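Given the sequences, and given the hints that come with them, work out the whole structure.
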Amino acid sequence: MEIRTGHLERLLWGRTTPARACLLVPLAVFAAATLAALIADFLPHANLSLVFVVAVLLVAGKTGMVAALVTAVVSFLAYNFFFTAPAQTLAVDSGDDLATLAAFLIAATLVASLGARMRRFVLAADAQAVRAESLQAFSMQLAVASDAAAVAEVLIATVRATTGVTAEVLWLGAAPGAIASNDAKPGAVPAGHDDVVLGTSAHLFGILRIPAQGPETLVQVRALCAQSAIVLERTRLDEALEAARVDAETERLRSALLSSVSHDLRTPLVSILGAATSLRELGDTLAPGARRELQEMIEGEAERLNRYIQNLLDMTRLGQGALTLVRDWTDPDDIVASALARLARETRAVDLVLDLAPRLPLVDVHAALIEQALVNVLENAVRHSPPGGRVTLGGRSDRSSLVLSVSDEGPGVPPAERERIFESFYSVRRGAGESEGSGLGLAIAQGFIGAHGGTIAVENGPGGRGATFVITLPLPSSRAQDTDS
Amino acid sequence: MSTPARILVVDDEATIRKFLRISLETSDYEVREARTSADALAACREHAPDLVVLDLGLPDGDGVDVIRHLREWTPLPILVLSVRSSEAQKVAALDAGANDYLTKPFGVSELMARCRVLLRNLPDTPDEPVITSGCLVIDRPLRRVCLDGAELRLSPKEYALLNLLVSSRGKIVTHQHLLRAIWGERHVEDTHYLRVLVGHLRQKLGDDPAQPRYIVTEQGVGYRFIER
Chain A
1 MEIRTGHLER LLWGRTTPAR ACLLVPLAVF AAATLAALIA DFLPHANLSL VFVVAVLLVA
61 GKTGMVAALV TAVVSFLAYN FFFTAPAQTL AVDSGDDLAT LAAFLIAATL VASLGARMRR
121 FVLAADAQAV RAESLQAFSM QLAVASDAAA VAEVLIATVR ATTGVTAEVL WLGAAPGAIA
181 SNDAKPGAVP AGHDDVVLGT SAHLFGILRI PAQGPETLVQ VRALCAQSAI VLERTRLDEA
241 LEAARVDAET ERLRSALLSS VSHDLRTPLV SILGAATSLR ELGDTLAPGA RRELQEMIEG
301 EAERLNRYIQ NLLDMTRLGQ GALTLVRDWT DPDDIVASAL ARLARETRAV DLVLDLAPRL
361 PLVDVHAALI EQALVNVLEN AVRHSPPGGR VTLGGRSDRS SLVLSVSDEG PGVPPAERER
421 IFESFYSVRR GAGESEGSGL GLAIAQGFIG AHGGTIAVEN GPGGRGATFV ITLPLPSSRA
481 QDTDS
Chain B
1 MSTPARILVV DDEATIRKFL RISLETSDYE VREARTSADA LAACREHAPD LVVLDLGLPD
61 GDGVDVIRHL REWTPLPILV LSVRSSEAQK VAALDAGAND YLTKPFGVSE LMARCRVLLR
121 NLPDTPDEPV ITSGCLVIDR PLRRVCLDGA ELRLSPKEYA LLNLLVSSRG KIVTHQHLLR
181 AIWGERHVED THYLRVLVGH LRQKLGDDPA QPRYIVTEQG VGYRFIER
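Protein chains in written order, with my numbering: chain A, 1 to 485; chain B, 1 to 228.
Accuracy of the hints is not assured; some may be wrong.
As the list claims (entries may be wrong) - Per the computed footprint, the stretches of chain B lying under chain A, defined by three or more beta-carbons under 8 angstroms from a beta-carbon of chain A, are:
#1 17-28
#2 105-116
To be verified - Over the 10 angstroms line for every Cβ pair with chain B, so calculated as not near, a few chain A residues:
#3 F42
#4 L43
#5 V165
#6 H193
#7 E216
#8 T217
#9 E239
#10 S278
#11 D328
#12 A368
#13 D398
#14 P414
#15 H452
Unchecked claim - Just some of the chain A residues that point at chain B, by a computed CB distance under 8 angstroms:
#16 T267
#17 G274
#18 L282
#19 L286
Because the hints were derived from the structure by calculation, they are not lab data.
Just so it is clear, the structure is predicted and the values come from calculations on it, not from any experiment.
Don't be surprised by glycine CBs; every beta carbon is placed ideally from N, CA and C.
Following this line, the structure appears as structure tokens:
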């Protein structure tokens, strides 16, 4: 709410400096005397005292009690001197004039004191309005202050605006929001300064140091500090909350990584150790077929372990952004061939079908990374295939891109999960007997394909059965066009 | 044994099931496989195995739930396999009624030894009057314990502890079980009582805690008496 002071009131009650007050007293009396002289011919001189009363009232309104009383006395003397008989003397002849003078003196004194009181009230109301206004602006600025530094800035500006004092914020210990701490030492207040605590019952943030002030200003500054402290507390809690959220996210990733490492590193090891000790302990009692199975198991699981470790390393490289592409012109058929060679053991369990268009165009890629991406996608398809299920590896191209696709007859990927399966450690756990992947393979595939400016997506498999992963790599001509446009 | 003992292997990893099958069959056990909790419960109902080798991490639920389910109607011995080295997990499995556990990875000889112990004495045989293990002779009717022919003076609690461990020799006995049996229900959490008592007993048995001959500590879970 804003209080607007009218022009007349402003004239009556506006602020005046002491120097101007000294000037105002003789001026007011002179003006009153002149006016009284001008109208003396038309009015009985007893009534002229009213003109002087108005002068006293004006001075009281403009300045204060003392000046008003001085005006009253001077007016009394002037009135006595100029207008009561005998004129030009301070002597008073008639009893009437004496009574008029006495009444005038009493009235002038009363008016002086009343006027001065009214002036005080108006000034107080004025100041209140200004304070309310600045407090409102203060709280609005605080409301949008996002960190401790912004809060301090608003506080200092508001203290200056409301009290005219230049304040300084000293943070205690580690300042919130990583402000360079200038190490406040409470108790060591420099001479001529006041310290106001900036803190809530929960937390002490620092102090506001101001040049020594009267108690009224101190109360005001304390109120501002209290309000700022609440906002500081809020920003502190906000920061703590955000930190906790980040921590929780990091923790979630860490525990996902740990459980992945625990499961995916140890499971092949369990088989390797079990098979190796079986071979040693059971020795000759093993049937020849069983012996070969155990030996193959050791090989296969060691390869699986190697692939997993490779995945972890790749993930680390992707995570650190340390991936540099060594591009070279490569035949897509070669990539497919080496990916299939690496997965020869795994793909035995499924019906693998190749559907590659003849004469696929050369691609300018880092072949090892595209091969790894393809291996991961193929391994994922094999893992989710029913025994003997068909896995189709397709390859085709159009003018702008090379498209490799891997389809399986597994349970497919629900639309809601089609984005998330490319996140690290997101493994879809499905029905009975589904072996769990590390949750890294597809994330790595996406990382490597993405590094080449390509995309990978999953859709329904052929005939709506299973899943089809589609890898799209831009062909050089389209890349050139992209850079041209 | 005239008919081979039937062992049910429950694990979601095909390769682990495979090597377990090969090594157990080579040792003349009859092996059945299950991949999930549901398969495991169905196989137990239909084929009445003599022993279940159970992985705790199954795709359709926690192995501990399988143990609880089985314990509602059968005392058949359960050997738990777990990649989780957390003691709490082992204790939970043993509390639920598992008879022993093996932490992955493990050697096949360890597995065979555990299977033999679990299959041999079903149920526990506390009615064996005199038990001999190496140089140690425990005469239970007389409450006499002799080491190398010399009689040992054991306090009643020490004797109770030895007797409990020997009754389940080769198998793990949990802290909680021992505390409940020796000190009573109110002291099942006071494992330090047990540490002190085991220390005294080992001293009298001439057992070096760092290389125990008789009483092996299963860290965080319990103790095991080794047959010699």
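Now for the hints, and whether the structure bears them out:
1. Counting residues of the segment 17-28 of chain B whose CB lies closer than 8 angstroms to any CB of chain A gives 8, so the stated coverage by that chain holds, three being the minimum.
2. Here's how the segment 105-116 of chain B fares: 7 of its residues keep a CB closer than 8 angstroms to some CB of chain A, so the rule of at least three is met and the hint holds.
3. For A/F42, the shortest C-beta to C-beta distance to chain B comes to about 110 angstroms, beyond the 10 angstroms cut-off, and the non-interface label holds.
4. Residue-level check passed: A/L43 sits 107 angstroms from the nearest beta carbon of chain B, beyond 10 angstroms.
5. With a closest Cβ-Cβ approach of about 62 angstroms to chain B, A/V165 is found to remain outside the 10 angstroms limit, as its non-interface label requires.
6. A/H193, annotated as away from the interface, keeps every beta carbon of chain B farther than 10 angstroms; the closest lies near 59 angstroms.
7. Every CB of chain B is more than 10 angstroms from the CB of A/E216 (nearest about 64 angstroms), matching its label as outside the interface.
8. In this structure A/T217 is separated from chain B by more than 10 angstroms, as the shortest Cβ-Cβ distance comes to about 62 angstroms.
9. Distance check on A/E239: its Cβ is at least 34 angstroms (rounded) from any Cβ of chain B, clearing the 10 angstroms threshold; non-interface status holds.
10. Listed as a non-interface residue, A/S278 fails to keep its Cβ farther than 10 angstroms from every Cβ of chain B; the least gap is roughly 4 angstroms.
11. Consistency note on A/D328: stated as away from chain B, and its beta-carbon is indeed over 10 angstroms from all of that chain's, at 37 angstroms minimum.
12. With a minimum CB-CB distance of about 27 angstroms to chain B, A/A368 clears the 10 angstroms threshold, and the non-interface call stands.
13. Under the 10 angstroms C-beta cut-off, the non-interface status given to A/D398 relative to chain B holds; the minimum distance is some 40 angstroms.
14. Interface exclusion of A/P414 from chain B stands, the closest Cβ pair being 17 angstroms apart, more than 10 angstroms.
15. Against chain B, the non-interface label of A/H452 holds: every CB pair exceeds 10 angstroms, the least being about 34 angstroms.
16. For A/T267, the interface hint holds, since its Cβ comes within 8 angstroms of a Cβ in chain B; the closest pair sits about 5 angstroms apart.
17. Given the 8 angstroms rule on beta carbons, the hint for A/G274 holds: about 4 angstroms separates it from the nearest Cβ of chain B.
18. At its closest, the beta carbon of A/L282 sits 5 angstroms from a beta carbon of chain B; the interface hint therefore holds under the 8 angstroms criterion.
19. Interface hint status for A/L286: upheld, as the beta-carbon distance to the closest one in chain B is roughly 5 angstroms, under 8 angstroms.
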